[in-house]
Amino acid sequence: MTPHSAHGGHGTVTPPHEPVFVGETRAKLERLFALYPTKQACLLPALWMVQEVRGWISETAIGEVAEALALTPAYVKGVVTFYTMYHTHPVGRHFIQVCTTSPCNICGAEDVVKALLRATGCGELGATSPDGRFTVTEVECLGACGFATPVLVDDDFIESVTPEQVPGILQRYP
Amino acid sequence: MGYPHPSHPKETVVLSQYFGDAEARSYDGWMKRGGYAALRKALGMTREAIVEEVKASGLRGRGGAGFPTGLKWSFMPKEATRPHYLVCNADESEPGTFKDREIMRWTPHSLIEGCAIAAYAIGAERCYIYIRGEFTDPLRIMSAAVEEAYARGALGADAFGSGQRVDMVLHRGAGAYICGEETAMMNSIEGKRGNPRIKPPFPAAAGLFGMPTTINNVETLTAVPHIINRGAAWYKGLCLGNPKSTGTKLISICGHVQRPGNYEVTMGTPLKDILYDMAGGPKPGRTFKAVIPGGSSVPIMTREEAEAALFDYEGIVEQGSMLGSAGMIVMDDTTDMVYQIWRLARFYAHESCAQCTQCREGTAWTTKIMERILAGKGKQEDFQLLLDLAENMTGKTICVLSDSCAAPVVSGIQKFRSEFEAYIAGAREPALAAV
Amino acid sequence: MADELVNVTIDGMPVSVLKGTSIIEAAKQAGVLVPHYCYHPSLPSPAVCRMCLVEVEKAPKLMPACVTTVTEGQVVHVNSATAKKAREGVLELLLINHPLDCPICDQAGECELQDYVFQEGRSGTRYSEYAKRYNPVEDFGPDILYVPNRCILCTRCVRFMDDVAGASVLNVSERGDRAYIGISEEQRLDHPWSGNVVDLCPVGSLLSKDFLHKARAWDLDKTASVCPGCTQGCNINIDTRDDVVVRIRPRPNLEVNRHFICDYGRMNYRWMNRGDRIEAPLVRDGGRHVATDWDTALARLEQIVHGASGSAVVLASGRASTESLGLVRRLLDRFDVTAAVQVPLGEEAPLPGIPYLALRRERAPNLAGAELLGYTPQWEAAVRRVRSAAVAVVLDADLSAADEAALAGAPGIVIVLGSVFAEGLRNAELVLPVTTMAEENGTYVNRDRRVQRFQQARSQPGMARPAWWVAGEVLAGPGPSADAPSTAAEAFLLLGERWPVFAGLTHADLGFTGRVLPGSAEAALSGRGVALSGTQGHAR
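Protein chains in written order, with numbering that gives the first Met the number 0: chain A, 0 to 173; chain B, 0 to 434; chain C, 0 to 539.
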């Protein structure tokens, strides 16, 4: 149940789930088991693996993770929905996170947000652009306050972004 | 050093010496800079001797709580009849704080070395380094460094041939400020929701996986090799104020200063020097209005209070706030205090784990009231309501997230009431649209 | 050291409690209720609701009473101004998003939010000009609805499913004030013990579909009883409204069922409301049954019992009380008796968090009692013996077609003490209306030899009387029945005369939580290891 407005993915037909933990991904999961005394403790790393492979974590992926770690789907879902970095629905090809908490806020973060929304065509925060290329989200403190405004595009942590730099940055992400 | 700015003469550069030096990242680069000598030395000492040394140095937790580190280590059982764990808190999500990321991305081996010494000292064979999910560069760099350390024998079943096992596992967070709270962090490592636990039991008695555990901040652990190398007396001697606050502290200054960055100072340095000399003071034509010294979870200081303070745990308390993580947010006279207090309340409301009633509902309600005020619909009664809520949210919950939300609200009303009044009286244009 | 006592003072009342006791439990012993939501004596304590914060002298902060253990000399103030203010604060915050649903909410009248707000909450809201959080009602499973808007996130339901039921079907989803109780799409809340989450929910957030909008709590009469579902003997309350049973809920008994009952027992009450009851004593007259009065019927019964000889068979319901089973059995002392008790079988459903608690295979609440009184679960063998019996007595049993055929063809006299008329028993000499366990007082003996009382929850229909009364009247002989038992308690005393295991025990001794009989539990259910003769009775 998602009480707040969802974005993207509504009305689409869900294709049958192809397992994530096969081949090298399965081997990677098995190696994880040696690093923790319980399978449950491998949950956050396992969820990261799913998101790295699929881009988001579907209900069926939750079921697969639950089975692999001897947990229930409800339990895994409770964990997935706690941590905001896990996507529970498909997002744009490039996922953008902008910090707007006070230290960056007083250094113009909201202008960077506006520039990003304009340049990507996303319309509103959390939405995916019509061409499926970008999703822009507003996040809490990214831990780079002295380098305001920081922007995370996928795994690229870009510091000291100004509104003027936005179009140039976005060009790097087809 | 005042990275990304050059070192300032008033700094005491110890932990930050190699910030900006890409060569320091590699194992060989670190060795060239005197790295891993402390670990070799420590592995030849008894665990008790290391704990005593750290105790004597006066090192206190640098993550925000300021708890004496040696004392914390001494809580661990002397005999390891069950597995002991060390957890390194690299979750750094406190607004205003950005020092641990610098340590990790410039001198990853300094952290590895500190963790290894600490792990050995507390009888732990495994250390989990919990890095927040958004720290993609530190994750990558630490990962490579840990691999190197294993390859070169600093970590593993037989660290530097000492017969001691020291294992290190990087655990990636996934977007939750509350996981920086030590008991929530343990739950997160265990594959659970990041809910803080009730204490007792304390981590040293029953922590990670129910085993004796010590959790230390990145900066705290990074100081340990220096204490081993140069001795507790040296560290203790780094003190300009209260003798209970020793050593150096990385201050992350951000906001409306000319030179935001991380500055390393001896405890007891006047805060005025940090604000004006090191960070360059306010932008041209502006004056400072407010300073939140400890990350955002502490009372807001006025410019006068900040200028009068000595920078150490007791000095900041004397001026009505707390040192916390020393993530210093500096706001000048262009800042809308009401707006920023709203934005901070919104931060806490977003990060609340949802366990305790006061935090779950109180942070959200506080945010709504602030929004209403900013939308021009505030009322005189809102002052009492906000203060009542803040009182409700203080000292009554499992962790201090709700107290942290209350601190800027209470101090904001106390010290910047006129800005609230301006919105309520309609003298100021609404900053938000009415919902 | 486990028996060490600690002395504390709670709201001025000194108490001595076992070391390790929480303040909230110690307060109970001092007669002080510490208001709470998330705490529950049968669940692990997370201390999240923050309602139970109490003032402890010398402690710097208010302490949560549910997880703070007592220390020697502690002085606790539950109702000090500070503690009350803290509770008022929690209640105010719980109400800001809570809908004003009382007029349509099932929980009204037995709602802990209502109770505490009325007691110490604010009289008016300060949460004006904002919309309350809204989410639609969710269907969690066969019987359970979740109303997120009313949820106070105490998490009792999640902890019950995780730690007691051992099935992590519920979770807390999301964070902060967006949090709600979630269930994964592929899982349903259909665990055999899941109905307990409705009882555990302090507010009207988790609701039973079966009870939805059926009755107001204050219209209900509650009667302490024992579940007639299986040999576990869970303690229950039967809730009736205008003499109709509308709900079964667990009654606490720490040794039997703690605070829980299974869904089978919870839903097993519709038969108690059957209207098609035998209204009056019936005597066979020619080819048909004619209604008569009790005196006539009892006289005829006495005639039969003293007139016949040889062997007799008793076919008794597993729900018959110990008193009824015993006195009916004594009635036939002159005969060579084969007495059988009906034990339908079902699947066992354990509750993992409580090792001694399960829904038992043997779906008969008084199997142990019956066996102590000489009854056997070998049903089919007993039915076969009807062929050669002089007298066959049916004690409210649920007869199969084969059973009826055997009785219809019986050469001897058939006497029926029943609640519902069995069409196939046209040849029964006497059909006497008896009460069900919901309409009489009595006892059951559970699988652990615990004798427990159940009480009358609804009125006796028509002229129905307890079976022990029928037998007791005949046993006492003709004339003014000075010796006949007039209460179940008196009937119970008569058991001790014939079966020493019951000697010296009275109803009063049993209290509300029962008493275990001397002797081993192994001896009680002697038939347990032997395959019960497939008595798959059908539920009525």
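It should be emphasised that the hints constitute simulated quantities derived from the structure, not laboratory data. It should be emphasised that the depicted structure is a prediction, and the values quoted were computed from it without experimental measurement. Where hints are given, some of them may not hold.
Looking from chain A toward chain C, a few residues come up when the C-beta cut is under 10 Å (computed) [claimed, not checked]:
#1 G54
#2 E58
#3 T59
Ideal Cβ placement from N, Cα and C applies to all residues, glycine included.
A quick look at each hint next to the structure:
{"no.": "1", "hint": "G54", "in the structure": "violated, 20 Å"}
{"no.": "2", "hint": "E58", "in the structure": "holds, 5 Å"}
{"no.": "3", "hint": "T59", "in the structure": "holds, 9 Å"}
Comparing the model with each numbered hint stated earlier shows that hint 1 is the single one that does not hold.
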